[in-house]
Every structure is written in structure tokens, then in C-alpha cells.
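A.B. asks: Spelled out, the chains give:
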Amino acid sequence: MRAKFFMVAGAAILLIAAVLYSLSGSKDYRSLNAKLTAAQIMHNPQRPLSTFSLSDHNGDVFNNNSLMGDWSLVLFIYTHCPDVCPTELANMAMLKAQLKNKHAAIIPKVVAITFDPLRDTPKVLKTYVAHFDKAFIGVSGDTQQIDQLVKDLGAYYERVVYDEAGKPITLKKHEPLPDDAIEKGYVINHTARVYLMSPDGQVLAGFPTPHKVDDMANDIELLIKAFEE
Amino acid sequence: MLNNIKKILFILVAFVSITATNAASHAHQNNHVNHQITITDPWIRSAPINAPALGLFMNISNNTNQEVRLISAHTKGYKRIELHRTIDSNGVMKMVKQAFMPIPAHAKLHLKPGSWHIMLIAPEQVPSEGEQVSVSLKFNDGSTQTIQVLVRKGGMMMQHHSMH
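Each protein sequence line maps, in turn, to chains G and H. Once you know that position 30 of the first sequence is 30 in full-length UniProt numbering, the rest is easy, because the numbers rise by one and skip nothing. Once you know that position 38 of the second sequence is 38 in full-length UniProt numbering, the rest is easy, because the numbers rise by one and skip nothing.
I should point out that these hints are in silico values taken from the structure, not numbers from a laboratory. Among the hints, a few may not be true.
Facing chain G, according to a computed beta carbon distance under 7 angstroms, are these residues of chain H, among others [said to hold, decoys possible]: (1) 86; (2) 127; (3) 128.
Calculated cross-link-like contacts (lysine to any residue; reagent style SDA-like; alpha-carbon spacing at most 20 angstroms) [as the list claims (entries may be wrong)]: (4) 97/H - 163/G; (5) 94/H - 52/G; (6) 153/H - 134/H.
Ideal Cβ positions, reconstructed from N, Cα and C, are used throughout, including at glycine.
Make the full structure from the sequences, and use the hints.
C.D. replies: Structure (C-alpha cells):
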């Protein structure tokens, strides 16, 4: 009986120690939540970003290392998007201007990864993203690698084609596009979150829509300060 | 005598018809107003030179006693022009093609980023910022309006926030 008690107590102490250790090993950003107006904390050291290798709009490798050393704002786009994606990119340009006006010490770089590498080659992205800001980085590459990043960041997309009668058909995740899809066109339904990546190449926070640049700028300053303290 | 009266009548009719034509053409130039359906602030979002699709936005006011539907839009130099609405479904932004855009009686429909918009697909040449594009809009009451649309910049917050 006594032995059993010590075993249970010992296990409980070990469990508490493990929890304390895991918490002390990383910062807890949840206390920031009350101050944040636009961002949601996504920091989770237990689930680091998978290893990925893609191409930037100049055709150079864009991988985990490309997100290290600097702060970045990562978003997913596709260039055939007439509404949501250009709005997001225009908002990112305004957000940078807002941070500049506030004399922010750090202005994150903006990385736009395509949901649609079939149509959005690095060359296409180079012309497209530069329209919004010359410093924006467009990223394309292998679909599976992009899908892994989409999954890691909790994003989502689905492709929609139209049948002869104009009725929309949502394709399943790995369902191939019909042969005439490029000719007839297809759209993509997608999440439109913007992710703030810290210089360790990991996601710190996410910004859901709508993207109010004033609120985002304030939150970015708070998050950077908390990370660097 | 009779001939004189005929002459006077002829001059009178000619004068009235010229005045009426002038008034009509003046009304036509007067900022897209036909008193029943009014279009204000039409704009196309300036886009990259290789943009495969552009967004066209505006306010449509219906001053009649019944619902009016925008059924199509036409302008030169695009492969297709479609009516769309962006719908936020639990964070997933869905672009849904529409057969028409309903403008309720005595109400306004605001075509804006993240909401109702006209999609200009596969441009022969993307218009540049500051350019004016002629677009005609067809309604279900049989009327058509041709409007001049300005190409300008615009994010979601452009209308509400000024940069300091």
C-alpha cells in the first residue's frame, strides 16, 4: 500500500517537473494576449516548421534558412485572385509604411508564397509582387512542399472549377485538375491569414482577416519586444 | 398667310427639338445619372502588368420602388467578365460567381474589396493607374449605363484610414 502511494506521488512529481521544464525551456507569450488587438499567438516550440525547400522569385533557393536572422511576414496568395490576394498585398505595403511612420526599429520582410505553383512560376511572381512593393519576395516551387507549409501553418485552400453549365465544382485535395482547367480557368478558396515569423524561423503569431494595418503595426511592435526581452 | 404660319410652326418645332436634344445630351454627361439607377465612385484596382484578373468596384444606388439586378458588365479587351462575391466562410475566403447582383428598392449595393465585385479576366493589356476605362453595365429593367472608371490603388482599409 505504502509502496503504491510512493509510486503515484513519484509519478506526479515527475509529471509536474516535466511540465515546468517544458514551460521554462521557452517563453510563454500567452500573457500578451490581453494587449494584442489583431494577432493570435501561434508560438509552439513542440511543433517546429517542417524542413522545406522552395524557390524565390529570382529562382534562388528559399528554405528554412531564408526565414532565419530576420523578422518576416508570410502570407499565401495566387495571382489569378482578383480580390482577396491583391487586397492583402496592398495592405502589407501599407503596413510597412505604417511601421516606418512609427519609426519602428524592425520592419519585417514580406514573403508571399503561392497556393498555385502551376500558374505562378517564380518569373510570374517576380513581376506580380514587385507591383505592390519592390522588396516583397514571391515564393513558388513543388506543390507537396507548399502543401506541407500550408499544413504546418494551419492554412487551407481548395481549387474550384466550373462545369459546362457554370456550376462550381470543388476539387478534392489531391484530385488532378481537368485537362481544360488552365484554358477555362479555376479559382482557389483559401484562408487569408498573415503569419509573423521570428528570426529563429518559427511562427510567433497569426493575423486573421480583416487586416487592419494600424492594429497590426501595434501588435508587431509588442510581439517583437516580447521576443527580444 | 398660311405659308407664313407653316414657316413659323416649322421654326418653332425645330427650336424645341434642338433644345430637347441639348438637354438630353447634357443629362447624359451628368455623371451617370438616369435618376433610377445611380453609379458613384467606380474604380478598377491598379494591378501588376501581368495580373490575370482585375477587380472593378463601385456604388450602385437603386432609386426605384422595386429590386433591380445588374446582369452583366462589358468593356473591351478582356476574355471574360464575371460578377463575383467574396464570402468569408470561417476564415476561408470563397469567391462565388453570381448570375446577377441584386440592388433592393431604395437601397445601395457597395461593390468593394472582400465583398461584391466585377472580375475582369485575362486582360489584353492591364490598364495603368490614372487611366479611365469605359464600362457599360446592363440591368434587368432593360437599361444600360456606360460609365468612365478610374484605375487607382486600393487596399481594404483605403477608404477609412489616411496615412499620417
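A.B. asks: Please go over all the hints and tell whether each is borne out by the structure.
C.D. replies: Quick rundown of the hints versus the structure:
1. 86: 5 angstroms, holds
2. 127: Given a least distance of 13 angstroms, the restraint on residue 127/H is violated.
3. 128: Since the shortest Cβ distance to chain G is 11 angstroms, the answer is violated.
4. 97/H - 163/G: Judged against 20 angstroms, a Cα distance of about 13 angstroms means the pair holds.
5. 94/H - 52/G: 28 angstroms, violated
6. 153/H - 134/H: 18 angstroms, holds
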